[in-house]
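Colleague: Sequence order for the protein chains is A and B. Sequence positions in the first sequence follow my numbering and run 42 to 261. Sequence positions in the second sequence follow my numbering and run 12 to 378.
Hint data in this document are derived by calculation from the structure and do not stem from the laboratory. Just so you know, not all the hints are guaranteed correct.
[To be verified] Some residues of chain B that are not near chain A, with every Cβ distance over 12 Å (derived):
#1 Gln29
#2 Leu40
#3 Pro175
#4 Val219
#5 Asn229
#6 Phe234
[Said to hold, decoys possible] Facing chain B, according to a computed beta carbon distance under 8 Å, are these residues of chain A, among others:
#7 Ile98
#8 Asn173
#9 Asn176
#10 Ala189
[Said to hold, decoys possible] Covered stretches of chain A (in silico footprint by chain B; criterion: 3 or more residues with CB under 8 Å from a CB of chain B, positions within the stretch not fixed):
#11 47-57
#12 150-161
#13 191-197
#14 203-214
Predicted model only: the values in this text are computed from it and were never measured. Just so it is clear, CB atoms sit at the ideal spot from N, CA and C, and this is done for glycine as well.
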Amino acid sequence: MASAKVFVLRTCDGETFEIDESVAYVSETIKNMIEDGFGHDLIPLPNVSSKILLKVIEYCRKHVSNFESSKKTSNGDEKDKDNDSWKKEKEAVPEVEKDAEEKARVEELKEWETTFIDIDQQVLFDLLQAANYLNIKGLLVMAAEKAASMIRGKTPEQIRETFNIKNDFTPEEYEDIRKKDAMNDFTPEEYEEIRKKIADNHFTPEEYEQIRKENAWAIE
Amino acid sequence: MGNCSDFLPWLGTDVSMQILTKLDDPADLVRASAVSRSWREFDVMELNNGTDEVGSNSSLEWGSLKRDYRVYALLAHSFTSFRRKDCILEAISASSTDNYPEESIDNTLEPDDRTEERASYWSSEGEGNPAVPETLTYRLVSGLCVITEISIQPFQAFFQFGCPIYSAKAVRFRMGYLMEPLESGSDRMDEPSASHRYIEDNFISTYVSPEFPMAQENSLQKFKLPEPVLCIGGVLQVELLGRVQRQEMDGLFYICVSHVKVVGRPLSPTFEVTFLDRPGKTGNCILKYNPNVERSMSPARSSEVESSLPSRLRVFRLMQRGVRGWEQMIINALVGNVAFDGDYGSDDELGIVADDGDYESDEELVE
Numbered sequence: 042m043a044s045a046k047v048f049v050l051r052t053c054d055g056e057t058f059e060i061d062e063s064v065a066y067v068s069e070t071i072k073n074m075i076e077d078g079f080g081h082d083l084i085p086l087p088n089v090s091s092k093i094l095l096k097v098i099e100y101c102r103k104h105v106s107n108f109e110s111s112k113k114t115s116n117g118d119e120k121d122k123d124n125d126s127w128k129k130e131k132e133a134v135p136e137v138e139k140d141a142e143e144k145a146r147v148e149e150l151k152e153w154e155t156t157f158i159d160i161d162q163q164v165l166f167d168l169l170q171a172a173n174y175l176n177i178k179g180l181l182v183m184a185a186e187k188a189a190s191m192i193r194g195k196t197p198e199q200i201r202e203t204f205n206i207k208n209d210f211t212p213e214e215y216e217d218i219r220k221k222d223a224m225n226d227f228t229p230e231e232y233e234e235i236r237k238k239i240a241d242n243h244f245t246p247e248e249y250e251q252i253r254k255e256n257a258w259a260i261e
Numbered sequence: 012m013g014n015c016s017d018f019l020p021w022l023g024t025d026v027s028m029q030i031l032t033k034l035d036d037p038a039d040l041v042r043a044s045a046v047s048r049s050w051r052e053f054d055v056m057e058l059n060n061g062t063d064e065v066g067s068n069s070s071l072e073w074g075s076l077k078r079d080y081r082v083y084a085l086l087a088h089s090f091t092s093f094r095r096k097d098c099i100l101e102a103i104s105a106s107s108t109d110n111y112p113e114e115s116i117d118n119t120l121e122p123d124d125r126t127e128e129r130a131s132y133w134s135s136e137g138e139g140n141p142a143v144p145e146t147l148t149y150r151l152v153s154g155l156c157v158i159t160e161i162s163i164q165p166f167q168a169f170f171q172f173g174c175p176i177y178s179a180k181a182v183r184f185r186m187g188y189l190m191e192p193l194e195s196g197s198d199r200m201d202e203p204s205a206s207h208r209y210i211e212d213n214f215i216s217t218y219v220s221p222e223f224p225m226a227q228e229n230s231l232q233k234f235k236l237p238e239p240v241l242c243i244g245g246v247l248q249v250e251l252l253g254r255v256q257r258q259e260m261d262g263l264f265y266i267c268v269s270h271v272k273v274v275g276r277p278l279s280p281t282f283e284v285t286f287l288d289r290p291g292k293t294g295n296c297i298l299k300y301n302p303n304v305e306r307s308m309s310p311a312r313s314s315e316v317e318s319s320l321p322s323r324l325r326v327f328r329l330m331q332r333g334v335r336g337w338e339q340m341i342i343n344a345l346v347g348n349v350a351f352d353g354d355y356g357s358d359d360e361l362g363i364v365a366d367d368g369d370y371e372s373d374e375e376l377v378e
């Protein structure tokens, strides 16, 4: 039977949102607040804006409906808590069909996630904060992966440019860092080349001396 | 937050760690640590040796100098790369326990002083003489760990009149190894005094810390080691020296601890140490460097690491005396500018030898 319980969340900018219990419970923080007895009135979320909460709720709803349809494809379960679940089978389906459905479900979810997380930086950071505060693990992991993907493969200067970060090292400090982390300014391709060269013994004596000097800190 | 400021400190430690730990390539982590001061402070570098750095079989045919340089550079780099974390794998034994198993040493792994059902702490047996010490022995997550600090919270008996705090006067730490390895989860649990006798007979300590005074306060007290220490063997002991609190009921002195935390950097599975023969006699251990082991998500248990021996293994033999110099070199790389203590002997005595497992080429790797 569909659960009739509904909760109201209020954001820091004064807007209210109604959500089902199953959707609310995706957030461990909200779940705890409800279990501690705070669900009867508005649940205040002073750290979350309405713009971000909309995104969060979108995620939670998708999470619940995806969970429901995965139960169906994995064990032919008839339970249908959520009104907008994908499948409405009335009887168990054969294994082969279930596998195909499961694959389709996973594919669809991936596509949905890619679109969902294609947001600009500020929204991404706010979403990270909200996912952390509301303790929604899946969302936090997804957003963190997106942020990491924006860092991977970039030199420090490129990272700074991407996120508009100021280089606050003094020239001496930075020189020190450069010496210690000799691979700093290499792109992944350059680094890979160097690694292979080391493995295949292809350095000239001069090159090798150069590398030895740069990495002297590691040997001395 | 405007576009001009740095998002990593703004997001806070937890969230930033979530992001940075997704950077598997060590090159990415190294570059990230050069972005700005706040990024560098996160110190999140973990070396994922799942990526194949040693490209081909020709690696085993390197000239000695190039090979040495490479491995040492990686060794030192990986030491700066591991995240500091809680290093205790399990509790081994306590010198005495009152009310076993309710007040057993396992409770010290639980950060709170109470769980839902009951209070969570270890208690010694009572003594009339307050000078009688106690020892808690733990196994660390890796046979090689660089330990920086240990935190201990004494237990405050909130259910006793006056809420007494059963701290010790002072604490001291020992690190080392067991001559005969103790099987994890063996019958020791049923006989706490037997396991303690076993520890007394078999534990060899390679390091003793200075004494730190302990406050009689119900707080997690941090004892920072004067310099980071490489624990070889994965066994750490907490010595609780002197008792301060008498229990009103029986007039005896007790020591009770609610939490022990050991912070440092585990070095496995990239580096492993095994002891040859009886370490006490010949002082030889083998340092194994394995660039191909997949980094596992959970702390490496010694049995699992041994069973996953890869096909390519760099084997270094270390002399006992040389181990000290090796530790120092690692720690130099780890923290930067730790002063080298001349007691460790000249370079000739370093005795670090690299070979390919068949012990043919005994070349000195003295730098």
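Colleague: Indicate, hint by hint, whether the structure satisfies it.
Modeller: Here is how each hint holds up against the structure:
no., hint, in the structure
1, Gln29, "violated (4 Å)"
2, Leu40, "violated (9 Å)"
3, Pro175, "holds (32 Å)"
4, Val219, "holds (28 Å)"
5, Asn229, "holds (26 Å)"
6, Phe234, "holds (29 Å)"
7, Ile98, "violated (20 Å)"
8, Asn173, "holds (5 Å)"
9, Asn176, "violated (10 Å)"
10, Ala189, "holds (4 Å)"
11, 47-57, "violated (count 0)"
12, 150-161, "violated (count 0)"
13, 191-197, "holds (count 6)"
14, 203-214, "holds (count 7)"
Hint check: violations occur at hints 1, 2, 7, 9, 11 and 12; the rest are consistent with the structure.
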